Amino acid sequence: MKKSIILLAMMAASGSVLALGPKVHYADLNVREVVKTDDVGVTAVDEFKVDGITIELTREDKVKAKNWNLSRSDWAKYKYIMEYTPRGAWSPDLDPPIALGIEAETRAEQEKYAKLANQLEWERRQKELGFQSVGIDMLVHISPGLFDKEVDEGLSQWLPDKRKVLRSVFISRVDCDFKCQDFLFSTVANKGADTHVVIYTDQSHDYVYSLYARSGWKYSALQEKGVEIKVDPEKMAEISKTVNQSPPFYVQQKSLDSSENIIRVMRR
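Heads up: the sequence shown runs through residues 6 to 273, numbered per the working numbering.
No lab work stands behind these hints, which were simulated from the structure alone. Any given hint could be a false lead.
[As the list claims (entries may be wrong)] Taking lysine to aspartate or glutamate pairs in the EDC-like style, the calculated list, with each CA pair at most 20 Å apart, reads: (1) 54 to 114; (2) 117 to 100; (3) 117 to 79.
[To be verified] Taking CB as the label site, the calculated pair distances span: (4) 243 to 56: 46 to 52 Å; (5) 52 to 113: 24 to 30 Å; (6) 52 to 199: 51 to 57 Å; (7) 190 to 267: 15 to 21 Å; (8) 166 to 116: 33 to 39 Å; (9) 67 to 259: 49 to 55 Å.
Since we're looking at a predicted model, the values are computed, not measured. All residues carry an ideal CB built from backbone N, CA and C; glycine is no exception.
Sequences and hints are given; from them, build the entire structure.
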């Protein structure tokens, strides 16, 4: 990845255009239904043609498509993307709407899948928070006074897994180029074990996922690190004004005393 960035930088600096070999092939992702009629005249659409490849949907595929709120033709396209294009090797753990959105060919398609992905993410969070609330209620019922104990001073009382450090990374879509992406990746990858990372963006969760996906990172890597993503343009504007910096930058906190904050800004 770094070699590619250096090459692009050299090209930009020199103003020259290098011959990089044959033009990259882009798969034709138009989906065509294959309609079949049996001996008694019953028609069914269980097969689709994508880029000349026949994609057959099993009963399990149809159930998965329904549960992901995707059409059968969407699921056929998703199967094609993950099995026959580099995306399947680059990002094998992508959720179907995100894979479809990244490989979408029009703005309308991107918006369609982004809306679906955000809706699913919202529903997931609501269900998990609802269950967590019930779990806390049960703990209080079983062990009255459990949460009346003195809490630790500092940030750990608000951070997951009692972590002691909060690192807030601020990324804007407006100018997040390769250098910005490297700043994001290194900031997340080089965090300490006791550090909780929150990525703030003025775009969608999909935007951050797509940055990682395009660079060969797996979505599961973010999950494993417990990285949280928040879409909050107002918070970004407020913090940018407070620290007098524009994204990308991060603020690291070890206590509630703002004078102890550490601020790191990407070198431009």
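For this structure, which hints from the list above don't hold up?
-> The structure breaks none of the hints.
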